[in-house]
Each structure stands twice: as structure tokens, then as C-alpha cells.
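Knowing the structure of chain A, use the given hints to seat chain B on it.
There are 2 protein chains.
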Amino acid sequence: MADAGGLERVIERGRAGDPRALARLISLVENGTGELRPIMKALAPHTGRARVVGLTGAPGVGKSTVTAALVAAYRERGLRVGVLAVDPTSPFTGGALLGDRVRMQDHATDPEVFIRSMASRGHLGGLSRATPQALRVLDAAGFGVVLVETVGVGQAEVAVASVADTTLVIAAPGMGDAVQAAKAGILEIADVFVVNKSDKPGAQETVRDLRTMAGMARRGEGDWKPPIVTTAAVRGEGIAELVRRSGEHWAWLDSSGEREVRRRARAREEISAIAVAELRERAGGLPGDTRLDVLAGKVADGEIDPFAAADEIVAAAVAARG
Amino acid sequence: MADAGGLERVIERGRAGDPRALARLISLVENGTGELRPIMKALAPHTGRARVVGLTGAPGVGKSTVTAALVAAYRERGLRVGVLAVDPTSPFTGGALLGDRVRMQDHATDPEVFIRSMASRGHLGGLSRATPQALRVLDAAGFGVVLVETVGVGQAEVAVASVADTTLVIAAPGMGDAVQAAKAGILEIADVFVVNKSDKPGAQETVRDLRTMAGMARRGEGDWKPPIVTTAAVRGEGIAELVRRSGEHWAWLDSSGEREVRRRARAREEISAIAVAELRERAGGLPGDTRLDVLAGKVADGEIDPFAAADEIVAAAVAARG
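Line order of the protein sequences matches chains A and B. Counting from 196, one number per residue, gives the positions in the first sequence under my numbering. Counting from 196, one number per residue, gives the positions in the second sequence under my numbering.
Bound-form chain A, shown alone (with noise of 0.2 Å):
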């Protein structure tokens, strides 16, 4: 891939939709190589119009169940979908863990429908560092609609919403999860709630308590109504009633100008993290260079503070000019 050219090739085939040259390029951008940012140069002036839905949840609600129903329903649509699993590394295969997505391998022949698993490589907040580079390469491919997966409540969930145009909040009925959400933040991000596994007993219950909470959040006159849709993913049951109540979103997002407002708070938050990873780097990742190391033996002996300890780095990043 050192040939510029076949770089080249491989960014026109994935932006033609082939699956092989767009695995190669999400690869490319999450491992961050060298190849990265000719690819997101190339892939700039091709973005900003595919649809990114968000789904979150609690472990156990159905997610990836719900997410199938989706891509089906899509494809029914006649768009072309892609998916977005994020897992969290496991410790012990140092890989995303696989075996609750088999039924995504109804998809999996498709050729319209591409489906990429990410590992998050323990990334604070649930997403892969290169989830929104990985956006971007679907996006400019044409993907109308980019289901963006993620495992794990609490602050994933608010990471999914910063990359998200519409996030679908997942509960399911009996785990006592619907207080906890709410502690969590989710009513602030969750643009749609979804009621899984309704056909279990204390679905209604989950309802009203979601109905509660959303009833006790601020929001403003003409702001977004999060409404609550109740599923059965598994038999594909309320799969046409979500899409319609996302879409219904999606067409608030552009009449009230929101779509806009996202879309450029999604480019700002990338753009930082990405100066601040290269900041970051600058401190701590000069060759050789173990200040870090003997400023945090410093810290750890009481012999400095620990805000002393971060202006020297600050200095020297600052330094490490040109």
C-alpha cells in the first residue's frame, strides 16, 4: 500500500462500494497508519450525506437484534445500509467478541448491505477511536443510512450521540434499567426510546416509567419529543413503526436547522480529539523521552504537585515546535 497509486485505486473502489476495498480502508484509518490522511483527504468533499443512526443500551436489551431488524427494514426501503458494531476489547481474545452478532449473517451476503465490526481498544466512551473516520469512509461509499452500534450503558452512550444524527436508547423490560438510564444522562441523547422485548412481562411497566422520565426533562418549546416505540425485534414487530418515528426525526432535524448544528458539533469534536491526540503525542512521545516517566515518580513522591508536573510537559510540547 506504500504505491500511491493503488491507494488511490483502492479509495475509488470503496467509494464505489466495493466491500473489499472499504474493509481495506476502515482498516487503514483504524489503524491509523500513514495511509490515513490521504484517504480522509480524498474522502472529504464526498461526505455529509449519509444518515448515522446511534443504537445504545444496557447489556442484554437486544441491540444487535434490533439492529438486524433495521438493516432489513432499510434494505426493504431499497437504501443501502452500513453497520458499525463497536465491542470492547475482551481481555482475553484481544478482539471484539462476535457471538451475539451471528444473526447479522442474514445480511452478511448482501451486496448492499456492509457490516464492520470494531474493537474499541478500551477508548474511553465505548467508541473506537476511528469510529468517525470508519463514518466517513461509508459515508463518501453512499451508504444512505449508517447504523452505529455500541455495547455498554452510561457514558458510551453519550459518545454514540456525538457521532450520531438520531440515537435509538434501547431498554427492555425487567432489568430495573430504566432509573439507571435515567442516571446515566440517556435522556439527553436519546432522540427515539425503544422498548424491546415487549412481549415480556413488565414491557408496560418500562413505558411508563420511560414516559416519566422523559416527562421530567427539560425541553424547550419546538425542541424534539423523544417518543417511545415498543419492539419485539426478534419477530420483527414495531421494526416499521421505529423507522417511521426515526424518519420523523431525521425531517425534524432538517426543518429545525438541528441537522446542521450536529453535523458541524460532530466536526468539532473529531477535529479536537484528533488535535489533542497530536498534543498529546507531541508531551509524551518524543523519542527517547522519558520526562513524562520521571515528572510522574516526582508526583507519586510528593515532591512536586501534579499541576506543576503538567506545565512542564505543557512547556515542552509547546517546544517540540517545527
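Calculated from the structure, these hints are not laboratory results. As the structure is a prediction and not an experimental result, all values here were calculated from the model. Mixed in with the good hints, there may be bad ones.
[To be verified] Cβ-to-Cβ under 10 Å is the rule here; a few derived chain A residues that face chain B:
(1) Ala491
(2) Phe502
(3) Asp506
Beta carbons: idealized from backbone N, C-alpha and C, even for Gly.
Relative to the frame of chain A, chain B by itself:
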């Protein structure tokens, strides 16, 4: 508090363990005002003695109950005990939800126990940004043990391990969370596994699941093997055993040299976080500087790619030198 002599007196009283002074100091470091640096500087020589025990686990496993039981147990052993309870900010109260901490009030009148709830303010990782600094305040005040309780699963667990000497990962039967917990990487961070609510059906299965998973983790010769302790914290059962096992881990930290390794890693983490925050501020926070907004607009419109935008931000941060 503009009066430097006044600040000195608060620091002095805080070091002597005065609860009101401690509360004031933690508020000052939490708010990150101008007093933060002089406080940290004054306390630095007196830190490095407290034993920090992190408690984490999925919502509903009984973390607060275990925390309260441990407070009682350490008090019986004559230790002064600090508690930092880190809650995600509730979007509708704007503050920490204290609901299930009511039982902590058992200890509210004990002058040798200091309890503080901290809002996480949406900080990634589920810990308050000020947690390391608040720990320093309690450390310098001579608390023998400080318990840090975090809400949430997944990334928050990793974050608590970065501030704790000993990390207790708490599970409960029948929540289907054992396998999920493995996904979230807890095998790596658990020093002691706690199966709470051991009187509930399925406790032995949870123990067995944890044992199987713990056995799969890669650990070398001489590495600590996390024990599994069963508790019914609400009745105080198993708490003496938990204290004993945690004590064994503390002894191992010393004998293996791992304690020093962790203290240094913690200091590294703390310094880096402060340095990155400062660099980030330089990059985006110049008065009247809307550079990031302008660049975000260009990225959102596909005019430039986010890496080119980040380069401009880094150049600006570095140029802000002096």
C-alpha cells in the same frame, strides 16, 4: 477566599481532618478555580499514604451497600475512612443523585468518616475530572483508607482502576452480567471479585461464571490472582472476608513492588490529563477565538478533512506559547 491567609488556614484545618474545611477544599478543587494550584502545592508533600479502594460494577449490584458495610468494617479496625461517591450528573437535577446513598447516613455523624458525593459532569470514563485531586485532599488529611464508588459499567470500571490501589468488581446473581462484564474488560482491572446478594438464587452460578472467566485471563507467575468473595452486604455477611482479602491484596502490592508501579501510573495519568486539558484550552479557548467553529463548519461541508483542521488547531495551540 481571595485572602491567601484564609486559604492557608482552610488547608491547615483540612489536613487536621476538620470536615467543613475538607468539604471546602474539595469544592475548590472540584470547581477548578484559582485556589486549585496552591491547594495541590501545599498538600503534595503530605500525600502518598492513603489506601484507595475502588468499587465498581453494574447498576443494581449493591455497590452503595457494600461501600457502607466496608466503612463500618474499617472503622471497627480503627481506620479513618473517606468515601468519594462519583455519580453521573442527572440531566434533570443537574447534580448527583443521592437516593440510594441514604444508608450512608449511618456514618454521617461519625467524625472519623468523611463522605462526599461528586458529580461526574459528563466526563468520559465515569469519574469526575477532579477525583484524583479530591483523593489528594483526603490523602493529605490522613485518611487511612478512601473508598471510591463509581456508578456504571464498562469504561467507568477502567477509570476507577486508574485511581485505585485495590479495585473491587462487584456482581450480583441473576443479572446476566457476568459475561457482559467480561466484555467490558473487568477481568483486567479486578483485584477482588465480589458476588453480592449471595443469598439470592443463582449466586453460585455467578461465582462459577466469574471463576471460569478469571481462569481465562492471562496472568503470569507471581501475578495477583483475584479471589472471589461472596457477600450479603445488607446483612454484613462476608464483609470481614472481603476486608481480609483486600488486605492481602494491599500486602501483595507492597511485596511485589506493584504498589509503586501503580502510584506512578496514577501520577502519569493525572499529569497527562491536566496537561491535555491545558493544551486543549490553548487550542480552542483563546479569547474571541472561533477558529475551531470555523474549521468545524468547513469539515462539516467537506471543504477540508478533519486532520487538516486539527493541524491548524495544533499550530494555533503551539503559537499561543508564552
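Hint check results:
Satisfaction of the interface hint for Ala491/A is found here, the shortest Cβ-Cβ separation to chain B being roughly 4 Å, below the 10 Å cut-off. The beta carbon of Phe502/A comes within 5 Å of a beta carbon in chain B, closer than 10 Å, and the hint placing it at the interface holds. About 8 Å separates the beta-carbon of Asp506/A from the nearest beta-carbon of chain B, less than 10 Å, and the hint is met.
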